[in-house]
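Numbering follows my numbering, with no gaps: position 350 of the sequence shown is 350.
Among the hints, a few may not be true.
As the list claims (entries may be wrong) - Pairs of lysine to any residue, SDA-like flavour, derived with a Cα cap of 25 angstroms: (1) Lys25 to Leu42; (2) Lys113 to Pro261; (3) Lys162 to Leu133; (4) Lys467 to Thr69; (5) Lys300 to Arg245; (6) Lys222 to Arg110; (7) Lys51 to Val75; (8) Lys136 to Glu125; (9) Lys113 to Pro89; (10) Lys322 to Leu460; (11) Lys408 to Arg431; (12) Lys354 to Lys408; (13) Lys467 to Arg431; (14) Lys389 to Lys222; (15) Lys467 to Glu33; (16) Lys425 to Thr412; (17) Lys222 to Thr79; (18) Lys354 to Gln219; (19) Lys389 to Arg441; (20) Lys425 to Met366; (21) Lys467 to Asn34; (22) Lys136 to Arg85; (23) Lys467 to Val447; (24) Lys354 to Phe508; (25) Lys222 to Glu207; (26) Lys326 to Asn44; (27) Lys417 to Glu369; (28) Lys126 to Met366; (29) Lys389 to Arg431; (30) Lys300 to Lys322; (31) Lys389 to Arg343; (32) Lys326 to Glu243; (33) Lys354 to Arg245; (34) Lys300 to Leu72; (35) Lys322 to Glu62; (36) Lys417 to Gly376; (37) Lys467 to Arg316; (38) Lys194 to Ala212; (39) Lys105 to Gln158; (40) Lys467 to Thr371.
For the record, the hints were derived by calculation from the structure and aren't laboratory data.
Predicted model only: the values in this text are computed from it and were never measured.
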Amino acid sequence: MDEHTGRILAGRRYNEGMHQAIEAKEGVEIKAENQTLATVTLQNYFRMYDKLAGMTGTAETEAAEFMSTYKLGVVAIPTNRDMQRIDQPDLVYKNEAVKFDAVVKDITERHEKGQPVLVGTTSVEKSEYLSRLLAKEGVRHEVLNAKNHAREAAIVAQAGRKGAVTVATNMAGRGTDIMLGGNAEFTAVAELAKRGLDPEENSEEYEAAWPAAFEAAKQAVKDEHEEVLNLGGLYVLGTERHESRRIDNQLRGRSGRQGDPGESRFYLSLTDDLMRLFNSGAAERLMNSSVPDDVALESKLVSRAIASAQGQVEGRNAEQRKNVLKYDDVLNRQREAIYGDRRRILEGDDLHEKVQFFLEDTINAMIDEATAEGTGDDWDFNQLWTNLKTLYPVTVTTHDVIDEAGGKSRITVDFLKEEILSDAKLVYQAREQAIGSESMRELERRVVLSVIGRKWQEHLYEMDYLKEGIGLRAMAQRDPLVEYQREGFIMFQAMMEAIREESVGFLFNLEVEVTPAEDVVVADATGEHTEHHEPQIKPPGWKLRRSRPSSSTRLPVRTAGPRPESR
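Build out the structure end to end from the sequences listed, making use of the hints.
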């Protein structure tokens, strides 16, 4: 859950087994760990658009970041009607308990004279604490937080009615015009509900009664609107300064909209989170002063301390976003390369030449590894052939190659590569003739797409794991970003090698049977799984079975980075 808004973050789960441990403790169904299929930062996502523009009421304080990240200037457009809202100076108290007493007193006074009040809190916990205090004073109010999400629209719509008191977390009502006097449509719905009319159960009666009820509601709202205007409009009361000035401005912006009158004020205490974490000694000096606890402080010193604290937090958050972007730029270049390949395959590129390159690169890598040291007399040909047989059904023997070269001592790396590649290409050509060229092209497309998708998922996990601990490199006087770039490149190269090797292994070792059926049947040791596909994107009928390589049922796949069990 979001600690500030109380909203459930759907789809978010703790990782490293923590969520499963909580599920086990609570006796609910234990679900598997989430697997990241794709990832991109908002900054790089927005940069994918050719043209960028936006409109918001709170961008001016972040103008520098918009320019540095997106090369976008921020232009302030004058209001259509002059703003009549009065922004009162902050009132600062020594502790939170006294502050909330003053808040309740102010709300009660304004409620008694009929002025609508919107109270902003920083968390669900504090909104409920204030609700209990108001209930003790007998002040009727609505609490707008995630616990009554279903009624949010109705609560916001009526927050401008005479005598309304609404306590909200900072998620509430952003971008919503709170109409002074209320909303005629919601008022009419409430009136019909009092009469026992429901749009689903009494549809005909409801439709018949609606026009008259709506007209009466419009007139009542119009009369109440004038009353609320005379009372000073909507009063916005903030119980704490937020870390960002933007959120404070969003809360204040609920009042005084469309030229209506309004008023706003923030109540603070020297023990608020913002003051405790980011103060320059001003708070301590005021705490130790002789001013009574229940007397509000209005000090330029405190105002400067608050502005300084918010500036520090905004600077820290901007630096964090900038840092995240630097790291994601590394992954973004890899993302563009992988997604470019994937898009070309999806758009129907012929993969025959690419697969031939995969084959050559994979076999060359195997031979280079086996012949890295010494000469032909020192090389382990039996081990090399064992590795090759896990890749494809080798038809040439070690004796054939050695005899062709005139003995082990006369074998060269280039000769070995030429002989084995020639054999592999002949086997691949025979396989293509057996199932048909069209079927082979479709098989290549599906296999390579599948392998790219799976390897990219593994790579995202490994890059995330690398980023978690890369900051520790600073202790060795190394730049973590440079280290991340270097190791990320090595891991990307290893992933591309694994894609080539695994794709070739599957293309050689999948048994394909072309049938008139409309299904693709893929079977392995665990059983049979059928996938239905649209006819226009596949050849007549497919039956794919994973055959057993001559020496092992598993393909050797080189992977990069630490594995989960090594943590």
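Which numbered hints fail: Numbers 1, 11, 12, 13, 14, 18, 22, 23, 28, 30, 31, 33, 34, 40, in rising order.
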